[in-house]
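2 protein chains.
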Amino acid sequence: MTDLYFVPAEEFRRILSLRDYKTELFSNCCRINTLYAIKRAGSGHIGSSFSSLDIVAWLFLNKLRLGQDVYFSSKGHDVPGFYAVATGLGILDFELIHRLRRLHGLPGHPDVLTPQIATNTGSLGMGISKAKGMVHANRLLGNDSKIYVLTGDGELQEGQFWESLPSAVNHHLHEITVIVDHNKLQSDTWVSKVSDLGDLESKFAAYGWAVGRCQGHDLAAFARVLTELEAIGDRPKIIIADTIKGKGVSFMEHTAMEPDQKLYRFHSGAPDDSTYTRALQELIEQVNRLLEQIGAQPLHLERVNIEPNPSLNDPQRLITAYSQALVKQGQKHPNLVVLDADLVLDCGLIPFSEKFPERFFECGIAEQDMISQAGGMALKGLLPIAHSFACFLSTRPNEQIYNNATEKTKIIYVGSLAGLLPGGPGHSHQSVRDISALGAVPGLIMLEPSCEQEVDLALDYYINKASGSCYLRLVSIPCEIPYQLPPDYSLESGKGVMLTNPAKTDGVIFGYGPILLPQAYYAAKILQQDHNLHLRVVNLPWLNCLDPHWLQSMIEGCSWIFTLDNHYLIGGQGDRIASVSAELGLSPFVKVKKFGLTSIPQCGQNHEVLKYHRLDAESLAADIANLYQI
Amino acid sequence: MTDLYFVPAEEFRRILSLRDYKTELFSNCCRINTLYAIKRAGSGHIGSSFSSLDIVAWLFLNKLRLGQDVYFSSKGHDVPGFYAVATGLGILDFELIHRLRRLHGLPGHPDVLTPQIATNTGSLGMGISKAKGMVHANRLLGNDSKIYVLTGDGELQEGQFWESLPSAVNHHLHEITVIVDHNKLQSDTWVSKVSDLGDLESKFAAYGWAVGRCQGHDLAAFARVLTELEAIGDRPKIIIADTIKGKGVSFMEHTAMEPDQKLYRFHSGAPDDSTYTRALQELIEQVNRLLEQIGAQPLHLERVNIEPNPSLNDPQRLITAYSQALVKQGQKHPNLVVLDADLVLDCGLIPFSEKFPERFFECGIAEQDMISQAGGMALKGLLPIAHSFACFLSTRPNEQIYNNATEKTKIIYVGSLAGLLPGGPGHSHQSVRDISALGAVPGLIMLEPSCEQEVDLALDYYINKASGSCYLRLVSIPCEIPYQLPPDYSLESGKGVMLTNPAKTDGVIFGYGPILLPQAYYAAKILQQDHNLHLRVVNLPWLNCLDPHWLQSMIEGCSWIFTLDNHYLIGGQGDRIASVSAELGLSPFVKVKKFGLTSIPQCGQNHEVLKYHRLDAESLAADIANLYQI
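The listed protein sequences correspond, in order, to chains A and B. Last residue of the first sequence: 648 (the working numbering), numbering continuous. Last residue of the second sequence: 648 (the working numbering), numbering continuous.
Next comes chain A alone, as it looks inside the complex:
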């Protein structure tokens, strides 16, 4: 049981009625509620919310014509800070602060379904392009509106950012003001170490933008620079705001990092209880100090008592397994090199990078560049393994992966955070389209391992048996695994393995991966116990190829074939199974039914999201039982 505290709506109203220190007080109250929401959600981005909060609060309190001007964050992961501002101002239902990253609550990244959210962001680098489109529309439609876009600095590694700059000048898009939240740190580490941004002011000036720079927590300075830029007639404007990541809580501020410390600890994730309490105390003290100074009453906070989420029973961690397998293979293969796009921790690459620093390439948030670099390396005889989140890896460098494929070299692509879960970050991060987006790349082998053991087998297969390029789809959340692979199990192209084989068989259910295969397994149990229906459960890790003879043997004697995709229905494994079944020619009265996603994934806690999309064991069992009753 944890006690959490938030600043209630009436306290925000009181602060907004003050004359002195209004913005400072408001910002810090927003920090308290940001911290609360993230702690309660169990995840979220504190560092970046805190670095941008002063500016966002100032814009809303002093600059924006509400309902007319537009503000949005291009990086998007600082949205908890924005929610605190919008709820604090009363322009977003205050009660939503209790529902960050919950179903029908506030998504982990911005979504236009939430009031006051102007556009969906969370995948980086799109902000200025979106703003340009808005300005063109406003001009055509005769709207008087200014657009303020906040960007990260790690985000400036994305090519689209630079791609979007020139035409804003050609079209004199003076309505746009971009603010770079220059907090010096990207997801993993220092921006300058990964890919130095160089002389930013000169760069922007060379692009023809009106450029200003100031300390980003000195709001008087910020206001002054903004006024100066506004005086410049017809050019788009950009302010480099030098900010502090984690600003407001001393030990979260990046300036408090040790000189030799590589990883910043508060980029994402929730603080533990004691860290939460320490941070909260600091913020409360700052607010109360100011309130005392102006003779106002100290801050009143409300307390909420939160049950911790039930912990998992001996879960398997596929990223850890991958991490170990990668080091093992790295020892055997001197030509193996590893590329990363600013997710060294999330992709499990720290052990490899420490053991083989000369074979580890941190490419930054620059997926297109990373993949074409991998292409160049492969042409010269290396075996590159390129990493990112599956949602970005399969889409951002989609053409670069195809271009590499046409060279018929061998490259391994590893997409983590694959599938519907975690549900907290929202649809920008839920990778449920990657099988489709890459499935037709000629010769590309795609596997999703269902447990730690299969991760090891998959990487071994890719490195030592596959002749061409491969895509590894890796689930990042810890999962309880109720099945075991047979002791003699090995990967054979297009063939899976039966996990349960009941004596009597009414149907077969194919699945893959540690999230949905357990659901299939439990659904089969429910069906047997409650409905006397007997289903084979088959693990098929091959996502885009299928052995027809093996399939025939698996569906023998079944009247229903069920498929289960941690992916949209279109282009998933279910399509492959259905398609090969049709090529085989089915026996009479055998039908295929595909389960998977049919709509954009919801944001929420994992069990909420699974249930919403009817992919949890209970829903699956109910829907399958229904089919037998028709």
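One or more hints might be untrue.
For identical chains, the list gives no copy identity; a pair is met inside one copy or between any two copies.
Unchecked claim - Result set (DSBU-like, lysine-lysine): computed pairs, CA atoms no more than 35 Å apart in a straight line:
hint, residue 1, residue 2
1, K81, K426
2, K609, K346
3, K164, K350
4, K611, K522
5, K202, K543
6, K428, K81
7, K543, K513
8, K629, K483
9, K609, K543
10, K483, K346
11, K513, K609
12, K483, K611
13, K609, K211
14, K426, K629
15, K543, K522
16, K483, K164
17, K522, K350
18, K609, K40
19, K426, K164
20, K81, K40
21, K346, K543
22, K522, K609
23, K629, K513
24, K629, K81
Calculated directly from the structure, the hints in this document are not laboratory data. All figures in this text were calculated on a predicted structure; none of them were measured in a lab.
Given chain A, work out where chain B should sit, using these hints.
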């Protein structure tokens, strides 16, 4: 019958043995052979081959350590000039100059299967990233090698170019020298008008690169600048070479364009006979003038007599039909806006852009930026229609299209140059993966019209009936269409139309589009005449959705269902048909057989390529007849 002339191998050997003017003479002889190869092929890029030829020739004659250093062009479409250099030097089989854009000849864009080609390019902006990968590999493997990369200037609009710059500085990749072929014109028009590059020298310097600039046809100046840059220790180098597009033939040089002339005429495509002859004469005269000056014999050319390709009989042109339909819809819908990515001519947008200039947005070679701009416009109430070649539109902004989809706005995407043909440009331009790459985007409707009439219907459906976003897959080549749509035909979601309905039915073949549907139509005729097999031919323009009841009615009484994809088999329409068939449950002895691409498309003349992939009527008929005999 046309007489074409080329410089034979022995003349190159003579020129290479000269002491004076060797590079100049060699370059111009290469221009003669470039012109020859493109005229013979019927298409290719003259302007860009000519602007870069002096530099490429100079590098090979004076700089590169053959077999050790690497040169490649990032833009790639200037490869005919490179082929002329490599064949002229004798490092590529000379006889290949007669087989530009032919099966097993020289591809329209670079491919590593061709000797001396270092990497596949043709899709823009990947060059520096590839070079960086090569350098990292060389360093690890202990290779001493320099990498020279030529880029275009329109190409600098691609974000990946800028994305690739910073880390080359962080890693001190001094082995890389980039040469910008700054000929001031992109595919359609002036780079500065589309998206001004600003102060390029300042930009590159701000990125930390060592920068030089010179006139790109003054090779002494070029050599000087290169030497200066080489003296700068550990930084990657970039030379802005101010060149002339079409250099070497007075009337092809961009400097000869009229002040009010928008479109440059010699970017792609082959010159007509008289233009060819005039250009050839100029080049010969220049060569002979120099040869005379040094007292050498005039140039000996060889003549080839070429049969013109048979002309099509009353072909349909879908791009023209689209062009007209777009203007018609533009008149009705004031909120309709058009976006283009430097393909105004190829995408049929000139009429719209002239009629509604305030609603036309030329975004340049910046597909990601274009698509996110369209997103911003749609959020503000416009109906954006975004255009590019299908190969780029479906892949480069793949994530941006998905991001827009999650906002549930309505945007129409139009991908021209869709499918296997034309076969000349090669696989970078043959869009045979787009249905798969975008098919799972939630709510995205995908249609490929089979004739001019259906283009009009499709655009009307998208604009006036569809509630969500849409993708129009448009074939660009003129096609003879042997069928007619019924007079009362209209588009209904997931339903097609029978084009032939024989009294007796052995099977049904589903197809779409003006390239393969005629092949299906003729294949059915052959099967009827030669094999007494009777096939229904069905036009199904819906690529990613299918009405199960309609499908059932179409396959009624058939023992075989054939599908025909102008696309890879995976993720194409055939998968959709097979998958829905399996969901319906097939009758016994009904099988599905999918035809489509199973390997990377070949480059070649259209009939060659169709036949190679066994998608021409004769191959289809033979393969289908075989199935009935098993």
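Homo-oligomer pair classification [K40, K81; C-alpha up to 35 Å]: within (14 Å within a copy, 66 Å between copies)
Indicate which option fits the pair K629, K513 if close means a Cα-Cα distance not exceeding 35 Å: within, between, both or neither. both (29 Å within a copy, 33 Å between copies)
Please work out whether the CA atoms of K629 and K483 approach to 35 Å or closer within one copy, between two copies, in both situations, or in neither? between (38 Å within a copy, 33 Å between copies)
Intra/inter-copy verdict for K483 and K611 if alpha-carbon distance must be at most 35 Å: Classified as both; 33 Å inside a copy, 30 Å across copies.
Can you give me the call for K543 and K522, within, between, both or neither, at a CA distance of at most 35 Å? within (14 Å within a copy, 49 Å between copies)
Between copies, within a copy, both or neither: which fits K483 and K164 at Cα up to 35 Å? Answer is between: at 33 Å across copies they meet the 35 Å cutoff, but 57 Å inside does not.
Up to 35 Å between alpha-carbons, please classify K164 paired with K350: within, between, both or neither. Classified as between; 29 Å across copies, 57 Å inside a copy.
Checking an output row: K609 and K543, CA cutoff 35 Å. Within, between, both or neither? both (21 Å within a copy, 34 Å between copies)
Regarding K81 and K426, is the shortest C-alpha distance of 35 Å or less found within a copy, between copies, in both, or in neither? between (55 Å within a copy, 29 Å between copies)
Intra/inter-copy verdict for K609 and K211 if alpha-carbon distance must be at most 35 Å: neither (56 Å within a copy, 58 Å between copies)
For the identical chains here, do K428 and K81 meet the 35 Å Cα criterion within one copy, between copies, both, or neither? between (53 Å within a copy, 31 Å between copies)
Using 35 Å as the alpha carbon limit, work out where K513 and K609 are close: within a copy, between copies, both or neither. both (21 Å within a copy, 22 Å between copies)
This entry does not satisfy hints 2, 5, 13, 17, 18, 21 and 24, going by the numbered hints stated previously.
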